[in-house]
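A.B. asks: Sequence:
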Amino acid sequence: MSAATNAGQVNINSDLGESFGPWVMGNDAEVLKIVKSANVACGFHASDPVVMMDTVKLCVQNGVSIGAHPGFADLQGFGRRVINLTVKELEANIAYQLGALQAIAALHGAKVTHIKPHGMMGNMSAESAEMSEAIARAAKAVDRDLIFLCQANTEQGKAARKHGLRAAEEVFADRTYTDTGHLTPRKEPNSMIKDAAQAVAHVRRMVDEQAIYSTSGKRIPCQVDSICVHGDGPTAIPVSTAVREGLEAAGIRIVTLPELPSLRH
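For the sequence shown, the numbering used here begins at 68 and goes up steadily by one.
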């Protein structure tokens with residue numbers, strides 16, 4: 068699909084519902100006033116049934132499309148540690164987490180419309196065709212209408228299209244990129260963008276030029292369907308707000324993933 072079919076429109080998404088019991092993570096209520104799609108943690112790397120239910124309710128109230136955000140079973144490491152699963156285990160993990168969120172969404176008369184792997188599962192699958200295909204197969208088996216929210220120019224998009232899922236290509240407003248087109252590892256000092264003006268310029272450049280730019284200045288063409296902003300950290304709200312306002316000031320409409328012309332049935 069050509070990114071040109073989404074001219075003048077883009078999605079903004081965020082990873083949410085990542086609190087657990089009495090421990091609060093992020094500022095979901097405020098972020099959900101900014102974004103149009105939410106990736107809701109499904110209980111393995113973060114969240115619990117009540118947090119999932121509260122997050123889905125907030126999504127419904129704000130007109131935000133709901134996505135599953137499955138991760139490794141790693142509460143202590145927040146899903147950011149390497150876990151090597153077999154294909155069978157990965158497919159089972161995806162189906163289990165996706166099914167849990169579908170049931171929670173049904174409590175509010177809502178529907179899960181996309182899936183986006185979290186953290187290390189996301190980063191590993193971005194480089195692994197085998198992992199990406201396992202995720203795509205499991206997602207399609209659960210619901211063939213799901214949109215796979217993919218890191219741009221990675222194995223995820225290839226796997227989604229191979230298995231007949233709609234693929235939305237995602238770039239990050241507050242993360243930098245290496246020359247390979249992958250996200251700069253979080254352990255690196257320049258991995259995050261915390262300045263609002265810098266984030267806006269970064270996003271506008273990617274949307275306008277349909278390309279990622281690495282920290283060294285390398286241009287890597289890509290399709291930009293969705294922009295991820297993070298809901299945690301002291302700069303999250305001002306950066307996310309500035310990104311949305313900067314796009315709207317340029318005449319770009321912010322829509323849910325299912326509303327993007329290239330992703331409609």
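What the hints contain is simulated information worked out from the structure, not anything from laboratory work.
Treat the hints with care, since some could be wrong.
[What the hints assert, rightly or not] Here are the computed distance ranges between Cβ atoms for each label pair:
1) Asp262 - Glu97: 28 to 34 angstroms
2) Gly318 - Asn151: 28 to 34 angstroms
3) Ala208 - Leu142: 22 to 28 angstroms
4) Asp299 - Pro116: 18 to 24 angstroms
[As the list claims (entries may be wrong)] Cross-link-like lysine-lysine pairs, in silico, DSS-like; alpha carbons within 30 angstroms at most:
5) Lys100 - Lys155
6) Lys124 - Lys100
7) Lys124 - Lys178
8) Lys225 - Lys178
9) Lys100 - Lys178
10) Lys285 - Lys207
11) Lys229 - Lys124
12) Lys285 - Lys254
13) Lys225 - Lys254
14) Lys254 - Lys207
15) Lys178 - Lys254
16) Lys207 - Lys229
17) Lys207 - Lys155
18) Lys155 - Lys229
For every residue, glycine included, the Cβ atom is placed at its ideal position computed from N, Cα and C.
A.B. asks: Evaluate each hint against the coordinates.
C.D. replies: Hints versus structure:
1. Asp262 - Glu97: 28 to 34 angstroms: 19 angstroms, violated
2. Gly318 - Asn151: 28 to 34 angstroms: At 46 angstroms between Cβs, range violated.
3. Ala208 - Leu142: 22 to 28 angstroms: 26 angstroms, holds
4. Asp299 - Pro116: 18 to 24 angstroms: For Asp299 and Pro116 the Cβ distance comes to about 21 angstroms; the hint holds.
5. Lys100 - Lys155: Answer violated: Lys100 to Lys155 is near 38 angstroms, above 30 angstroms.
6. Lys124 - Lys100: At roughly 13 angstroms apart (the allowed maximum being 30 angstroms), Lys100 and Lys124 satisfy the hint.
7. Lys124 - Lys178: Given pair Lys124, Lys178 holds - Cα atoms ~12 angstroms apart, limit 30 angstroms.
8. Lys225 - Lys178: Given pair Lys225, Lys178 holds - Cα atoms ~25 angstroms apart, limit 30 angstroms.
9. Lys100 - Lys178: 19 angstroms, holds
10. Lys285 - Lys207: Distance ~35 angstroms between Lys285 and Lys207 Cα, so the pair is violated.
11. Lys229 - Lys124: 33 angstroms, violated
12. Lys285 - Lys254: Between Lys285 and Lys254 the Cα gap is close to 21 angstroms, so the pair holds against 30 angstroms.
13. Lys225 - Lys254: 28 angstroms, holds
14. Lys254 - Lys207: Distance of about 34 angstroms is beyond 30 angstroms: violated.
15. Lys178 - Lys254: Violated - the C-alpha atoms of Lys254 and Lys178 are around 36 angstroms apart, more than 30 angstroms.
16. Lys207 - Lys229: Given pair Lys207, Lys229 holds - Cα atoms ~11 angstroms apart, limit 30 angstroms.
17. Lys207 - Lys155: 15 angstroms, holds
18. Lys155 - Lys229: 19 angstroms, holds
The structure fails to meet hints 1, 2, 5, 10, 11, 14, 15 from the earlier list, while all remaining hints are met.
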